[in-house]
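Just so you know, we're using our numbering here: the sequence shown kicks off at 16 and counts up by one.
Honestly, the hints are just simulated from the structure, not real lab data.
Incorrect hints may appear among the rest.
Using 27 Å as the maximum straight-line C-alpha spacing, the simulated BS3-like pairs for lysine-lysine come out as follows [what the hints assert, rightly or not]:
id	residue 1	residue 2
1	Lys182	Lys194
2	Lys199	Lys154
3	Lys154	Lys194
4	Lys169	Lys140
5	Lys168	Lys140
6	Lys154	Lys191
7	Lys182	Lys168
8	Lys182	Lys199
9	Lys105	Lys182
10	Lys175	Lys140
11	Lys105	Lys154
12	Lys169	Lys182
13	Lys194	Lys105
Restraint-style ranges between C-beta atoms, simulated for each label pair [unchecked claim]:
id	residue 1	residue 2	range
14	Tyr108	Leu75	36 to 42 Å
15	Asp132	Asp99	36 to 42 Å
16	Asn171	Lys191	36 to 42 Å
17	Gly172	Tyr108	40 to 46 Å
18	Glu211	His128	35 to 41 Å
19	Asn171	His93	22 to 28 Å
20	Asn200	Asn171	42 to 48 Å
21	Pro110	Asp131	34 to 40 Å
22	His93	Ser170	17 to 23 Å
23	Thr133	Ser76	21 to 27 Å
Ideal Cβ positions, reconstructed from N, Cα and C, are used throughout, including at glycine.
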Amino acid sequence: MHFLTIGSLSCMAALALAAPTVSTTSNADLAERFTFEDYSGTSSADDKREITFEDYSGTLSNADKRSPDVLEARKSSHISSCGDNWMPIKDTYSPAGSGYESAVNAWCYHITHPMDDTPSIIPPKGILGSRIAGGFFLKGHVPGVVDFEIHNKKSNGEHKPDEGNCKNYLMQMATKGNKCYGSKNIDTKGGTYQVEGDGEISYHALPRAA
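I would like the entire structure built from these sequences, with the hints used as guidance.
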C-alpha cells in the first residue's frame with residue numbers, strides 16, 4: 016500500500032475484528048484485496064461484512080484534502096471541531112449496520128498493515144486519507160460513509176501512524192462528555208483531533224451520507 020504517490024486507489028475488505036484471512040489479487044485496478052471475517056455474532060455467513068476503502072494521498076491543499084484543517088497553538092491534545100452528521104458508535108443488529116467504532120478499527124488496521132510491507136508514512140505538509148464504505152449507517156439508518164484523514168502540517172518531519180494511537184485519537188470523538196458525543200442516542204459526529212501540542216498532526220473522521 017503506497018500513500019506517497021498522489022492519486023487514488025481502491026481495495027476491498029470485510030470488517031477486521033478477529034484474526035484476518037488475507038488474499039491478494041493481480042487485478043491492476045485493485046492494489047490489494049483483503050478478506051477479514053468476523054463471526055462474533057453467530058456462525059452464520061451473514062455476519063461477514065465487506066467494506067471498501069478508497070485511498071488517497073496528497074498535499075495540504077484544498078484540492079487534495081476532504082476535511083477542513085486549522086492550525087491551533089495549544090499545549091494539550093484536543094478535539095478542535097466536530098463533523099455535521101450523527102453516526103451510531105456501536106454496530107446495530109436490528110436492522111444490521113456498522114457503526115463509527117467499527118469504521119475506526121477497520122481503517123486504523125488498514126493503514127498500519129500494508130500488504131506490500133511498505134510503511135504508510137505521511138511526508139511534511141502531506142495527507143493520508145480513505146473513504147470507507149459498505150454497511151455503515153448514520154442516524155436513522157441512513158446509508159453512510161466515513162472520510163478519514165491524517166494531516167501532517169510540519170514543515171520538516173514525517174509522521175508514521177500507529178494502530179493503537181490511531182484508534183485512540185479517532186475514538187476521542189466518541190468518548191462520553193465531549194462536544195462531538197451524543198448522550199441520548201450514543202452516537203458521534205466524528206471530527207478533528209489535534210494530536211500534538213502545537214497542532215501539527217491531526218486525525219480526522221467525518222461521517223457522511225453515502
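Tested hints:
1. Lys182 <-> Lys194: The hint holds at about 18 Å.
2. Lys199 <-> Lys154: Holds: lysine 199 and lysine 154 sit about 12 Å apart, inside 27 Å.
3. Lys154 <-> Lys194: 17 Å, holds
4. Lys169 <-> Lys140: 6 Å, holds
5. Lys168 <-> Lys140: 5 Å, holds
6. Lys154 <-> Lys191: Holds - the C-alpha atoms of lysine 191 and lysine 154 are around 17 Å apart, at most 27 Å.
7. Lys182 <-> Lys168: 20 Å, holds
8. Lys182 <-> Lys199: Between lysine 182 and lysine 199 the Cα gap is close to 23 Å, so the pair holds against 27 Å.
9. Lys105 <-> Lys182: Within the cut-off at roughly 14 Å; holds.
10. Lys175 <-> Lys140: The given pair, whose Cα atoms are some 13 Å apart, holds under the 27 Å limit.
11. Lys105 <-> Lys154: 12 Å, holds
12. Lys169 <-> Lys182: 22 Å, holds
13. Lys194 <-> Lys105: Measuring from Cα to Cα gives roughly 18 Å; hence the hint holds.
14. Tyr108 <-> Leu75: 36 to 42 Å: At 40 Å between Cβs, range holds.
15. Asp132 <-> Asp99: 36 to 42 Å: With a Cβ separation near 37 Å, aspartate 132 and aspartate 99 satisfy 36 to 42 Å, so the hint holds.
16. Asn171 <-> Lys191: 36 to 42 Å: 37 Å, holds
17. Gly172 <-> Tyr108: 40 to 46 Å: Holds - the Cβ-Cβ distance for glycine 172 and tyrosine 108, about 44 Å, lies within 40 to 46 Å.
18. Glu211 <-> His128: 35 to 41 Å: At roughly 24 Å between Cβ atoms, histidine 128 and glutamate 211 fall outside 35 to 41 Å, so the hint is violated.
19. Asn171 <-> His93: 22 to 28 Å: 24 Å, holds
20. Asn200 <-> Asn171: 42 to 48 Å: For asparagine 171 against asparagine 200, whose Cβ atoms are near 43 Å apart, the range 42 to 48 Å holds.
21. Pro110 <-> Asp131: 34 to 40 Å: 37 Å, holds
22. His93 <-> Ser170: 17 to 23 Å: Holds, at about 22 Å.
23. Thr133 <-> Ser76: 21 to 27 Å: About 24 Å separates the Cβ atoms of threonine 133 and serine 76, which means 21 to 27 Å holds.
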